[in-house]
Structures are given as structure tokens and as C-alpha cells.
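Chains as they are written, first to last, in our numbering: chain Y, 1 to 209; chain D, 1 to 209.
Hint data in this document are derived by calculation from the structure and do not stem from the laboratory.
Watch out, some of these pointers could steer you wrong.
Just so you know, same-sequence chains aren't split out, so a pair can sit in one copy or run between any two.
[Said to hold, decoys possible] Derived DSS-like pairs: lysine-lysine, alpha-carbon spacing no greater than 30 Å straight-line:
hint, residue 1, residue 2
1, Lys191, Lys175
2, Lys137, Lys167
3, Lys175, Lys121
4, Lys191, Lys146
5, Lys167, Lys191
6, Lys158, Lys121
7, Lys163, Lys191
8, Lys121, Lys163
9, Lys191, Lys144
10, Lys121, Lys103
There are 2 protein chains.
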Amino acid sequence: MGLIRNRNYAFNLLCFVLIISGGSVHGRRLLSQSRPDPNYVALFARWLVSQSSWGVLSTIADDLGGAPFGNVVSFSDGLPDQGAGVPYFYLTTLDPSARYALKDHRSSFTISEYPVGTCGKADPENPTCSKITLTGKLNEVDAKSKEAATARNYLFAKHTEMKDWPKDHDFQVFKLDIEEIFLINFFGGPKPLTVDQYLHAGKDELTAI
Amino acid sequence: MGLIRNRNYAFNLLCFVLIISGGSVHGRRLLSQSRPDPNYVALFARWLVSQSSWGVLSTIADDLGGAPFGNVVSFSDGLPDQGAGVPYFYLTTLDPSARYALKDHRSSFTISEYPVGTCGKADPENPTCSKITLTGKLNEVDAKSKEAATARNYLFAKHTEMKDWPKDHDFQVFKLDIEEIFLINFFGGPKPLTVDQYLHAGKDELTAI
């Protein structure tokens, strides 16, 4: 009986570990697909970014009196459930955002949890329905670099139609070099979160909080 | 038989009229809930705005080096299916967007069709999945004005929890005074659309195109 109980205990423990690790047994998946506790700020931010496929990219519109111009774009921060936190975009200068960014790199990228489908009945502006704004510089990635090739893999894995987009539109990889992070995922105002904490989330956050 | 046929014809015609008028028999509802033909540009833009409940509001962040700062917000442009095209917001200066707007009114408001659920299999960045950016000035509406009372009705009708938001947060009505419109709803780049055409959509657009 004791052996059976121990086996049951071991099985339950294994199930628990698999559940909290997001069901992955590959060890390379730091982020769980299930919604993290909002108190695990960096982990939560990374989860929101990795589970999203699009957002609004804001740049400065020099032809609109310097107005902040938000534009709906797709993005990817990694292979599915292996996001690294840095958003990559596939943009053409036929679209204003890329043109604006090449003149003025100041930018932000904004994501809502609402379309992810995990806000329950909360309004999109309710603090319990999370939102993140990554502010920084939007830069074009050298098309021949290894980083661009990796980013294209990230993008095409989440946006399968992208690889077939018109060649003559000259889509190029852009990335947001993050400088500041604004995250709301519960009552009480924005959560303190540095770029370093965000980029290294999941490695030691459970002990750091 | 002829009379019955005529009655059937009249009934079918009535059904057709009800369908294309969005099922309304009140006569005040200009917009259909069904997705308009993308060629009816102003009508389409108004449909996208009226069928959406949230978007990203971009302002200039003076404390982030003048970066364009996008923020997820809820909005309303009217009672359900009676939208007038002007987005109203319910903002507190505890949130940065309202603070930024009071210092620098330049702003834009961006909406994607993707979360509306009518993009089919198209990627959020595919031009057939529509998106709109209204650029202009974000202004606070005098809280005691008739316009503010109307706007609160618009907002609370679509966002029922708003009326119970904390009084001490001092939420106020803001509106975007639209100056430019960027709409993509098909291949071929942004659609030409003036603010006047947008605000008066549905009245004569079917004959104007």
C-alpha cells in the first residue's frame, strides 16, 4: 500500500510539475501558456507578449504635424510558446509606420489581453484585463543578418501567410529595441518592471519575488 | 395567385430592406451591423468604429523623450448600432494618456477589425482585415456640458461597468476631434476619406460612389 501511495504521490507530483511548466517536457519552454499570477510581473508580461499575435505600433507622423500615429501590425517574439520578449515586425515602406520609423525611431508597441480571450467579463479598460506598452526605438534589421533570418522564422511561424506576401512590396524585418515597459495587469497602477527583468523573465522570478 | 405572389414579393422586399438596414425599423439607425462593401469607404469606416468597443489611443509622452505612447482604452461613438463616428473616452489622470493629452493634444486612435471577428482567415496585417487610425486632437469635454452627459450615456451603454468605476479616480469624458483618417480595408493602400465624408456616412454615400 505504501508503495502504491508513493507511486500515486509521484504521479500527482509529475502532473503538477507538467501543469505549472505549461505542459512542456522539453525544458526549453520557459513560459506557461496558462495565465500567470499577476504578481509575477515579468513572467506575466512575457506571457502576454508571447500569446499575442498583433498589436498597435505607434510612431511619429512627420506629415501630420508630429502626431503620434498608431497602426495595427502583426508581430512575433519567437516560435510559438518560446517567445524571447523582443517584438519583430514585417513592414513595408508602402505603409506609413516603416517610413516614419526610418525618419524618427521613437516608437511604442501596445498589446491588449482582451483579444487573447482571458479577460473574462472584464472591460478592456478594466485593470484586471491586462495591457502592455513597450516603448523604445523601432529599427530595421539588416536583411542579410542572422538576426533577420531568425526573426523571419519567428514571424512566419506565427503568421503563415507572410512568406507569400508580394515580393515587390519589399517587406523588411524591424525590431523594437525596448527602453521602457508599461504594464497594467491588476488594480493599483502600472507594475514596476525593468527591461532586464522582462528579458530574463522565467529564469529566476519565482525566487526573486 | 397574382395577389399572393405580390404579397410574397412585398414580404421578401420588406425582409430585404430590413436586412440591409441592419434589422432596424426605427429609421434612426444609419449603419448596418453586417460588414459593408469595402468600396463604400465612409460607411465601412463608420461600421468598423461603431462595431468596436476598444482600441489604442496614442499620445506624446513628454516623460519618455516625446515618444509616441499607445495605450489600450475603451470607447464609444454612440448607443449600440447608432454610432456617430466621434470616439468618446472615459479617462483618469491616474493613467498617463489623459495626463499626456492635457499637455499635448496631438493624438490618434487605432482600431483593428481583427477582434470584431469578421476577418475570416486573414492575418491581422493583411489589408483585407481592415484597420482605421483617426488622427487629431484629444480634448477633455466639460463635465457639466450636455455633450459630456450624452457621451457618458454612449460610454455606459457599451461599457456597463464604467458607471461603477471608483469616483475618487475622477474619470472624465475625453473626445478625439478628428483631423485625418487612415483606413485600409482592402488591397491597394489607404482609402481616400475626408472627415466630412466620414461624419456624414450613410446619408448619401450609396449615390455618391
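Now for the hints, and whether the structure bears them out:
In this assembly of identical chains, Lys191 and Lys175 lie within 30 Å of each other by CA distance both inside one copy and across copies; the values are 24 Å within and 27 Å between. Taking the shortest Cα distances, Lys137 and Lys167 sit within 30 Å of each other inside one copy (26 Å), while across copies they are farther apart (37 Å). In the homo-oligomer, the alpha carbons of Lys175 and Lys121 lie at most 30 Å apart only across protomers (25 Å), although the nearest pairing inside one protomer, at 33 Å, exceeds that limit. For a Cα distance limit of 30 Å, the shortest separation of Lys191 from Lys146 qualifies neither inside one copy, at 34 Å, nor across copies, at 37 Å.
In this assembly of identical chains, the alpha carbons of Lys167 and Lys191 lie at most 30 Å apart only when taken from different copies (22 Å versus 42 Å within one copy). When the C-alpha separation of Lys158 and Lys121 is checked against a cutoff of 30 Å, the pair qualifies both within a copy, at 27 Å, and between copies, at 13 Å. Proximity of Lys163 and Lys191 under a CA criterion of 30 Å is satisfied inter-copy only: 25 Å between copies versus 37 Å inside one chain copy. For a Cα distance limit of 30 Å, the shortest separation of Lys121 from Lys163 across copies, 15 Å, qualifies, whereas the shortest one inside one copy, 36 Å, does not.
When the C-alpha separation of Lys191 and Lys144 is checked against a cutoff of 30 Å, the pair qualifies neither within a copy, at 38 Å, nor between copies, at 34 Å. Taking identical chains as interchangeable, the C-alpha atoms of Lys121 and Lys103 are never at most 30 Å apart, the minima being 41 Å within one chain and 34 Å between chains.
Checked against the numbered hints listed earlier, the structure breaks hints 4, 9, 10; every other hint is satisfied.
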